[in-house]
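Number of protein chains: 2
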Amino acid sequence: MSNTKVSGTSPINRRTLLKAGLATGTAAVAGGALTGTARADGDPLITEIQDWNRYLGDGVQARPYGVPSEFEAHVVRRDVEWLTASTESSVNFTPLHELEGIITPNGLCFERHHGGIAEIDPANHRLMINGLVDKQLVFTMEDLKRFPRENRVYFLECAANSGMEWRGAQLNGCQYTHGMIHCVVYTGVPLKYLLQEAGVKTNGKWILPEGADAAAMTRSVPIEKALDDCLVAFKMNGEALRPEQGYPLRLVVPGWEGNMWVKWLRRIEVGDEPWHHREETSKYTDLLANGKSRRFTWVMDVKSVITNPSPQAPVTHGKGPLVISGVAWSGNGRVTRVDVSIDGGRNWHTARIDGPSLPKAMHRFYLDIDWDGSDLLLQSRAIDEMGYVQPTKEELRVSRGENSIYHNNGIQTWHVKTDGTVENVEIS
Amino acid sequence: MSNTKVSGTSPINRRTLLKAGLATGTAAVAGGALTGTARADGDPLITEIQDWNRYLGDGVQARPYGVPSEFEAHVVRRDVEWLTASTESSVNFTPLHELEGIITPNGLCFERHHGGIAEIDPANHRLMINGLVDKQLVFTMEDLKRFPRENRVYFLECAANSGMEWRGAQLNGCQYTHGMIHCVVYTGVPLKYLLQEAGVKTNGKWILPEGADAAAMTRSVPIEKALDDCLVAFKMNGEALRPEQGYPLRLVVPGWEGNMWVKWLRRIEVGDEPWHHREETSKYTDLLANGKSRRFTWVMDVKSVITNPSPQAPVTHGKGPLVISGVAWSGNGRVTRVDVSIDGGRNWHTARIDGPSLPKAMHRFYLDIDWDGSDLLLQSRAIDEMGYVQPTKEELRVSRGENSIYHNNGIQTWHVKTDGTVENVEIS
Numbered sequence: 001m002s003n004t005k006v007s008g009t010s011p012i013n014r015r016t017l018l019k020a021g022l023a024t025g026t027a028a029v030a031g032g033a034l035t036g037t038a039r040a041d042g043d044p045l046i047t048e049i050q051d052w053n054r055y056l057g058d059g060v061q062a063r064p065y066g067v068p069s070e071f072e073a074h075v076v077r078r079d080v081e082w083l084t085a086s087t088e089s090s091v092n093f094t095p096l097h098e099l100e101g102i103i104t105p106n107g108l109c110f111e112r113h114h115g116g117i118a119e120i121d122p123a124n125h126r127l128m129i130n131g132l133v134d135k136q137l138v139f140t141m142e143d144l145k146r147f148p149r150e151n152r153v154y155f156l157e158c159a160a161n162s163g164m165e166w167r168g169a170q171l172n173g174c175q176y177t178h179g180m181i182h183c184v185v186y187t188g189v190p191l192k193y194l195l196q197e198a199g200v201k202t203n204g205k206w207i208l209p210e211g212a213d214a215a216a217m218t219r220s221v222p223i224e225k226a227l228d229d230c231l232v233a234f235k236m237n238g239e240a241l242r243p244e245q246g247y248p249l250r251l252v253v254p255g256w257e258g259n260m261w262v263k264w265l266r267r268i269e270v271g272d273e274p275w276h277h278r279e280e281t282s283k284y285t286d287l288l289a290n291g292k293s294r295r296f297t298w299v300m301d302v303k304s305v306i307t308n309p310s311p312q313a314p315v316t317h318g319k320g321p322l323v324i325s326g327v328a329w330s331g332n333g334r335v336t337r338v339d340v341s342i343d344g345g346r347n348w349h350t351a352r353i354d355g356p357s358l359p360k361a362m363h364r365f366y367l368d369i370d371w372d373g374s375d376l377l378l379q380s381r382a383i384d385e386m387g388y389v390q391p392t393k394e395e396l397r398v399s400r401g402e403n404s405i406y407h408n409n410g411i412q413t414w415h416v417k418t419d420g421t422v423e424n425v426e427i428s
Numbered sequence: 001m002s003n004t005k006v007s008g009t010s011p012i013n014r015r016t017l018l019k020a021g022l023a024t025g026t027a028a029v030a031g032g033a034l035t036g037t038a039r040a041d042g043d044p045l046i047t048e049i050q051d052w053n054r055y056l057g058d059g060v061q062a063r064p065y066g067v068p069s070e071f072e073a074h075v076v077r078r079d080v081e082w083l084t085a086s087t088e089s090s091v092n093f094t095p096l097h098e099l100e101g102i103i104t105p106n107g108l109c110f111e112r113h114h115g116g117i118a119e120i121d122p123a124n125h126r127l128m129i130n131g132l133v134d135k136q137l138v139f140t141m142e143d144l145k146r147f148p149r150e151n152r153v154y155f156l157e158c159a160a161n162s163g164m165e166w167r168g169a170q171l172n173g174c175q176y177t178h179g180m181i182h183c184v185v186y187t188g189v190p191l192k193y194l195l196q197e198a199g200v201k202t203n204g205k206w207i208l209p210e211g212a213d214a215a216a217m218t219r220s221v222p223i224e225k226a227l228d229d230c231l232v233a234f235k236m237n238g239e240a241l242r243p244e245q246g247y248p249l250r251l252v253v254p255g256w257e258g259n260m261w262v263k264w265l266r267r268i269e270v271g272d273e274p275w276h277h278r279e280e281t282s283k284y285t286d287l288l289a290n291g292k293s294r295r296f297t298w299v300m301d302v303k304s305v306i307t308n309p310s311p312q313a314p315v316t317h318g319k320g321p322l323v324i325s326g327v328a329w330s331g332n333g334r335v336t337r338v339d340v341s342i343d344g345g346r347n348w349h350t351a352r353i354d355g356p357s358l359p360k361a362m363h364r365f366y367l368d369i370d371w372d373g374s375d376l377l378l379q380s381r382a383i384d385e386m387g388y389v390q391p392t393k394e395e396l397r398v399s400r401g402e403n404s405i406y407h408n409n410g411i412q413t414w415h416v417k418t419d420g421t422v423e424n425v426e427i428s
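Protein sequences appear in the order of chains A and B. Per full-length UniProt numbering, the very first residue in the first sequence carries number 1; after that it's consecutive. Per full-length UniProt numbering, the very first residue in the second sequence carries number 1; after that it's consecutive.
Do not take every clue at face value.
Because identical chains cannot be distinguished in the list, a pair is counted as satisfied if it fits within a single copy or across any two copies.
Taking lysine-lysine pairs in the BS3-like style, the calculated list, with each CA pair at most 25 angstroms apart, reads [stated by the list, open to error]:
1) K319 / K145
2) K292 / K145
3) K192 / K417
4) K319 / K192
These aren't lab readings, by the way, just hints derived from the structure by calculation. On a predicted model such as this, the values are computed, not experimentally measured, just so you know.
Full structure from sequences and hints, please.
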């Protein structure tokens with residue numbers, strides 16, 4: 001795909017970047033005095049009556065379920081064909097560069113499937129709880145909707161998000177480098193209520209959620225997490241889960257890696273030890289430089305990325321006021337601070353976190369600057385309420401090597417050139 | 001429409017309700033012990049492998065922009081044909097009984113048009129600020145996106161929401177009685193930045209926002225509100241505004257009646273007095289019993305409604321644990337408490353407000369009860385941070401008569417019958 005050209009990976013390229021000299025953009029300013037950017041009067045598009053101001057438009061029966069404007073047709077999930085062998089076991093990416101705020105619209109939430117999308121009639125769906133329980137239970141969807149329910153905003157990030165970037169700047173756009181994440185409001189039943197109903201035996205220390213899709217996805221989850229904040233969710237952003245997100249039922253595992261959030265949830269087995277199934281051994285473990293693997297790297301650590309400007313969203317208006325926008329998140333709780341650098345990490349400015357700040361949810365940040373038109377090396381660095389500071393990619397490589405593609409929460413660099421185009425680069 | 005039959009309006013009907021005796025449902029219980037509702041083991045839908053567990057499903061290229069499951073085709077906006085003469089100047093309703101949490105999906109946000117949906121290419125859209133300003137300005141969409149922006153969750157309620165209920169219980173479902181409301185995350189530029197850029201003259205006391213649709217909707221807004229929390233918004237729930245919600249630009253007037261939130265915003269004129277245009281004189285004013293009208297009833301006062309169970313969402317599982325769910329909101333700020341009655345207002349239980357509590361946003365509340373199968377008369381009563389208590393419909397009629405259809409925030413009553421069906425009624 002033209003949007004995914006490999007670039008900026010060679011040492012030469014890095015040297016070139018350094019020789020070019022780092023940004024001299026002026027410090028961040030608030031308020032953005034825009035004198036001069038507003039068009040002069042006499043623009044016929046405002047002084048003349050336009051057709052849409054002259055004729056009746058569609059009425060209220062045109063779209064019982066609404067869709068975006070035809071002028072937004074470019075705002076879609078995209079995949080990278082060469083990443084995977086099949087589309088049934090593959091991934092597509094959220095267009096982060098087109099979005100704002102902290103909520104991802106349901107139609108744009110990235111997808112990751114291991115056996116394609118299961119199409120399930122909720123009337124025929126069941127959830128079984130079995131294993132080390134006093135009473136094996138089978139619930140219909142109606143049964144589940146009789147338990148007390150909760151609504152929580154959580155991000156969901158794939159453990160492999162940014163994985164292609166371990167070995168250097170690869171994919172030219174934040175949709176591809178960071179788009180395996182979304183953030184929605186989930187409505188569901190706390191899993192602890194269902195486990196209490198079944199009665200977990202004293203030797204029940206782990207659960208194994210199982211999906212009803214062709215891959216029958218399974219992961220081992222410690223009972224402490226299951227009894228803490230996990231939800232058995234049936235709605236996202238107010239409406240039913242989308243088919244590609246597990247309709248009619250998905251497990252929500254707040255702050256932990258995405259593939260534990262089992263979709264099309266059909267069974268929860270309680271056991272006394274982890275199962276070590278395929279998706280937690282041959283996959284979703286981090287192979288270290290010494291050949292050993294880290295086991296059970298569940299939490300998605302603090303991370304951030306600048307979404308605008310970025311390679312897919314260049315600066316088209318020239319120098320002057322520029323809104324730098326981005327997202328940050330942490331599986332450990334709230335993001336308490338985000339710093340932004342426009343000179344590749346030499347100087348940092350505290351960004352403005354705007355909108356609700358909720359634990360284990362996406363946060364939106366801004367830095368409003370007055371761009372002098374010189375080269376910028378944009379970076380963002382998030383800090384969470386545990387005091388964890390987002391590391392550089394170099395620091396990650398020193399501690400974990402380059403064998404793994406998982407859990408890359410390193411700092412991303414965008415090179416904004418004088419012509420406004422943006423490239424994915426690394427500096428060292 | 002079959003969903004909108006007129007019922008429960010005659011005194012006889014009200015007496016009948018009283019004779020039937022009020023609910024004896026037991027008090028609210030938390031946790032909902034569900035022994036017995038879970039199906040016995042041996043259900044082939046869980047013990048046997050199903051087709052969707054056996055075959056690969058659609059891959060990640062199937063839907064670049066996702067849509068709901070085919071099994072959710074009934075979750076749509078609906079209009080009431082006899083309410084209006086044309087569909088271009090009409091309204092449809094949010095299916096509140098199908099939703100959860102506090103965010104309304106963009107595709108289900110109710111519509112109210114006065115000249116149909118304007119279809120606008122954002123490249124050809126302009127916003128002019130003129131009148132009593134130092135410098136008349138015309139902004140392109142790109143210009144506006146260079147100002148600092150904010151993200152805020154706000155409800156938008158039409159002043160006529162519940163208007164048909166002034167004269168008694170009319171429409172049989174909360175989609176029709178309360179569905180002229182939605183709540184989304186707006187992203188936009190604080191209007192005060194644009195007005196500061198233009199420079200409001202000392203005698204500039206009002207603004208007149210104007211729409212680019214065929215109705216050229218205008219309303220007078222005091223400068224104090226314009227400089228307080230109004231936004232010029234270009235995104236809702238993270239993505240671009242939907243065409244029916246004003247794409248590419250809409251004025252957000254937090255907590256105030258919906259038709260002031262001018263869609264397809266093309267011009268903001270600054271003046272020294274209100275304009276008294278058609279939509280704030282012949283319409284959107286409250287005619288009192290004495291023949292005089294209340295002028296400028298901007299704030300949408302505290303209000304709530306039980307969404308489940310309700311006439312469109314009957315109880316299908318018989319007695320035992322029952323989740324009573326509803327929404328509450330106030331144009332004055334946060335909702336601090338919601339009380340729920342199951343016996344027509346004789347006894348009140350404090351409901352559980354769940355999820356984010358944000359000013360001028362929708363709140364979700366629950367009362368989890370153990371239903372004994374007897375008749376219920378469900379009511380909810382919200383209280384906001386100003387201490388304002390949602391009134392009964394009788395109290396509203398005493399103070400304002402029955403001439404107006406606007407600003408009905410009275411307490412709604414649902415009659416849950418022993419067979420689980422639900423009817424819109426009034427008791428007195």
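Comparing the hints with the structure gives:
When the C-alpha separation of K319 and K145 is checked against a cutoff of 25 angstroms, the pair qualifies only between copies, where the shortest distance is 14 angstroms, while the shortest distance within a copy is 54 angstroms. For the homomeric pair K292 and K145, neither the shortest alpha-carbon distance inside one copy (44 angstroms) nor that between copies (49 angstroms) is at most 25 angstroms. Proximity of K192 and K417 under a CA criterion of 25 angstroms is satisfied in neither setting, with 52 angstroms inside one chain copy and 32 angstroms between copies. Taking the shortest Cα distances, K319 and K192 sit within 25 angstroms of each other only across copies (23 angstroms), while inside one copy they are farther apart (54 angstroms).
In the structure shown, a violation is registered for the earlier hints numbered 2 and 3, in ascending order.
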